[in-house]
Amino acid sequence: NAGVTQTPKFQVLKTGQSMTLQCAQDMNHNSMYWYRQDPGMGLRLIYYSASEGTTDKGEVPNGYNVSRLNKREFSLRLESAAPSQTSVYFCATKRERGTDTQYFGPGTRLTVL
Amino acid sequence: DAKTTQPPSMDCAEGRAANLPCNHSTISGNEYVYWYRQIHSQGPQYIIHGLKNNETNEMASLIITEDRKSSTLILPHATLRDTAVYYCIVRVNTGGFKTIFGAGTRLFVKA
Chain A
1 NAGVTQTPKF QVLKTGQSMT LQCAQDMNHN SMYWYRQDPG MGLRLIYYSA
51 SEGTTDKGEV PNGYNVSRLN KREFSLRLES AAPSQTSVYF CATKRERGTD
101 TQYFGPGTRL TVL
Chain B
1 DAKTTQPPSM DCAEGRAANL PCNHSTISGN EYVYWYRQIH SQGPQYIIHG
51 LKNNETNEMA SLIITEDRKS STLILPHATL RDTAVYYCIV RVNTGGFKTI
101 FGAGTRLFVK A
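Keeping their order, the protein sequence lines are chains A and B.
If you count the first sequence from 1, position 104 lands on 104 in our numbering, and the numbers rise without skipping.
If you count the second sequence from 1, position 63 lands on 63 in our numbering, and the numbers rise without skipping.
FYI, nobody ran anything at the bench for these hints, they're computed from the structure.
Keep in mind that a hint or two might mislead.
What the hints assert, rightly or not - For the chain A half of the interface with chain B, some residues (derived, Cβ under 8 Å), not all of them:
id, residue
1, 38
2, 41
3, 42
4, 90
5, 104
6, 106
Claimed, not checked - Residues of chain B placed beyond 10 Å of chain A at every Cβ, according to the derived structure:
id, residue
7, 13
8, 23
9, 41
10, 42
For each residue, glycine too, the CB sits at the ideal point set by N, CA and C.
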């Protein structure tokens with residue numbers, strides 16, 4: 001039982017390059033989230049998915065796209081990376097609608113040069 | 001969701017109780033108080049939550065004042081591994097799916 005896994009752990013991109021951050025969960029949770037955390041800051045919600053096939057914008061969605069193709073996986077795509085997107089990205093799941101208990105992955109550390 | 005206010009940092013001696021305060025004076029009647037923590041470079045970890053009664057689990061205790069405008073997270077015997085940023089979040093359980101993590105309190109447990 002791995003919980004929430006994220007790949008890759010580290011990534012360096014050049015400005016304008018694209019990449020997809022992967023998140024997978026084996027907890028059978030419906031809700032999944034993508035957050036970013038800049039140095040010394042709290043977490044900010046990028047996108048979330050209440051269930052398979054649905055997604056919605058969070059606080060800072062600009063420059064990102066997401067895909068929730070099945071219950072297990074929720075991916076985050078940067079089409080044209082910018083230095084402002086240098087951050088640590090966390091994926092999370094939530095047990096059920098009636099609780100805010102979230103379970104987080106280990107994070108992906110992204111640097112955009 | 002109600003706004004929360006936490007001190008930016010606190011110190012605690014190893015083996016002593018760590019008491020982390022949180023103010024949430026605009027909390028609504030159906031909003032819960034949640035606590036998470038984030039150990040350096042790791043994803044946040046759920047600790048405990050409550051509505052109006054005090055709660056205890058294997059990690060911590062949560063004390064909520066009678067008027068629910070503030071709460072305290074208590075780590076009864078802090079260890080060096082409890083050094084982390086602690087987030088207090090107030091939100092309804094059956095509301096939307098967005099959770100806002102603020103700056104939190106950075107707890108330093110010292111030997």
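Going down the list of hints, with the structure as the test:
Hint status for residue 38 of chain A relative to chain B: violated, with the closest Cβ pair at about 11 Å, above 8 Å. Of the supplied interface hints, the one on residue 41 of chain A holds, with its beta-carbon coming within about 7 Å of a beta-carbon of chain B, less than 8 Å. Checking residue 42 of chain A against chain B: minimum C-beta separation of about 4 Å stays under 8 Å; hint holds. At about 5 Å, the closest approach between the beta carbon of residue 90 of chain A and any beta carbon in chain B falls short of 8 Å, and the interface hint on this residue holds.
The interface hint given for residue 104 of chain A holds, since its Cβ lies 3 Å from the closest Cβ of chain B, which is under the 8 Å cut-off. Because the smallest distance between the Cβ of residue 106 of chain A and any Cβ of chain B comes to about 6 Å, under 8 Å, the interface hint for this residue holds. For residue 13 of chain B, the condition that its CB be more than 10 Å from all CB atoms of chain A holds, with the nearest at approximately 25 Å. Non-interface call for residue 23 of chain B relative to chain A: holds, since the shortest CB-CB distance, roughly 16 Å, exceeds 10 Å.
Non-interface status of residue 41 of chain B relative to chain A is broken: a Cβ of that chain comes within 10 Å, the nearest being about 7 Å off. For residue 42 of chain B, the condition that its CB be more than 10 Å from all CB atoms of chain A is violated, with the nearest at approximately 7 Å.
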